[in-house]
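J.: Sequence order for the protein chains is F and H. Under the working numbering, residues 4 to 87 are what the first sequence spells out, in order. Under the working numbering, residues 4 to 87 are what the second sequence spells out, in order.
Be careful, since some hints might not be right.
Computed cross-link-like contacts, DSS-like style, restricted to lysine-lysine with a CA-CA straight-line distance of at most 27 angstroms [unchecked claim]:
hint : chain 1 : residue 1 : chain 2 : residue 2
1    : F       : K28       : H       : K36
2    : H       : K36       : H       : K83
3    : F       : K28       : H       : K28
4    : F       : K36       : H       : K36
5    : F       : K28       : F       : K83
Footprint (simulated), chain H over chain F, 3 or more residues, beta carbon under 8 angstroms [what the hints assert, rightly or not]:
hint : segment
6    : 4-18
7    : 29-36
8    : 41-50
9    : 81-87
Stretch by stretch, here's where chain F covers chain H in the computed footprint (C-beta under 8 angstroms, at least three residues) [what the hints assert, rightly or not]:
hint : segment
10   : 10-24
11   : 28-41
12   : 58-66
Hint data in this document are derived by calculation from the structure and do not stem from the laboratory. Positions of the beta carbon are idealized from the N, C-alpha and C atoms, including for glycine.
Protein chains: 2
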Amino acid sequence: MDSITMLGLAAGALTTASFLPQVIKTWRTRSTKDISLGMFVAFCAGICLWAVYGFLIHSLPVIITNVITFILASIILALKIRHG
Amino acid sequence: MDSITMLGLAAGALTTASFLPQVIKTWRTRSTKDISLGMFVAFCAGICLWAVYGFLIHSLPVIITNVITFILASIILALKIRHG
Numbered sequence: 004m005d006s007i008t009m010l011g012l013a014a015g016a017l018t019t020a021s022f023l024p025q026v027i028k029t030w031r032t033r034s035t036k037d038i039s040l041g042m043f044v045a046f047c048a049g050i051c052l053w054a055v056y057g058f059l060i061h062s063l064p065v066i067i068t069n070v071i072t073f074i075l076a077s078i079i080l081a082l083k084i085r086h087g
Numbered sequence: 004m005d006s007i008t009m010l011g012l013a014a015g016a017l018t019t020a021s022f023l024p025q026v027i028k029t030w031r032t033r034s035t036k037d038i039s040l041g042m043f044v045a046f047c048a049g050i051c052l053w054a055v056y057g058f059l060i061h062s063l064p065v066i067i068t069n070v071i072t073f074i075l076a077s078i079i080l081a082l083k084i085r086h087g
């Protein structure tokens with residue numbers, strides 16, 4: 004694996020992992036008052052397009068990280084809709 | 004501009020714009036209790052790496068959207084640190 008792909012995977016690991024503390028916090032507190040519904044609806048839609056874009060430009064980091072980020076952001080969105 | 008780049012820009016427009024409602028909500032309410040500090044610290048760091056990665060793979064959508072997203076996410080992070 005070349006160094007550019009490794010940099011992309013490091014970037015993806017950080018941005019994807021960043022959603023974990025928010026998932027854990029929201030799951031524990033069930034409190035979503037300060038989280039914007041609009042943000043997570045637009046974000047989940049955009050992340051889907053990013054995954055398709057990654058596929059089309061053959062970028063493994065863009066594909067992998069957006070698929071995992073979509074799962075995490077969807078959990079936050081679902082908690083917001085349920086406890087909003 | 005080719006259709007793949009346009010798809011990438013559409014994806015970037017969505018994920019970048021998604022931070023706007025969160026910035027507006029947090030700016031207005033000054034309430035950041037439900038927002039995870041860990042998320043926005045890791046996210047801002049990762050977004051910086053994504054911009055560098057975009058530069059190295061010559062992807063205009065990855066560069067542009069990550070620079071703008073970094074600015075928006077930094078505002079949320081600053082509000083979280085100030086009103087945390």
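J.: Each of the hints needs a verdict: does it hold here or not?
T.: Quick rundown of the hints versus the structure:
At roughly 10 angstroms between alpha-carbon atoms, K28 (chain F) and K36 (chain H) fall within 27 angstroms of each other, so this suggested pair holds. Taking the CA atoms of K36 (chain H) and K83 (chain H), the gap is about 8 angstroms. The hint holds against a cut of 27 angstroms. A hinted pair counts as satisfied when its Cα atoms are at most 27 angstroms apart, and K28 (chain F) with K28 (chain H) qualifies at roughly 19 angstroms. A threshold of 27 angstroms between alpha carbons decides the hint, and for K36 (chain F) with K36 (chain H) the separation of about 9 angstroms falls inside it, so the pair holds.
Simply put, K28 (chain F) and K83 (chain F) have alpha-carbon atoms about 12 angstroms apart, close enough for the 27 angstroms limit, and the pair holds. For the segment 4-18 of chain F, the stated coverage by chain H is satisfied: 9 residues place a CB nearer than 8 angstroms to a CB of that chain, which reaches the threshold of 3. A count of 5 residues in the segment 29-36 of chain F with a Cβ less than 8 angstroms from any Cβ of chain H is obtained; the coverage claim is therefore met, three being the minimum. Check on the segment 41-50 of chain F: 9 of its residues sit with their Cβ under 8 angstroms from a Cβ of chain H, so the three-residue criterion for coverage holds.
Look at the segment 81-87 of chain F against chain H: 0 of its residues bring a Cβ nearer than 8 angstroms to a Cβ of that chain, fewer than three, so the hint is violated. Counting residues of the segment 10-24 of chain H whose CB falls under 8 angstroms from any CB of chain F gives 14; the rule of at least 3 is met. A stretch counts as covered by a chain when three or more of its residues have a beta carbon under 8 angstroms from one of that chain; for the segment 28-41 of chain H and chain F the count is 11, and the coverage holds. Judged by the Cβ-Cβ criterion of 8 angstroms, the segment 58-66 of chain H is covered by chain F as claimed, because 5 of its residues qualify and three suffice.
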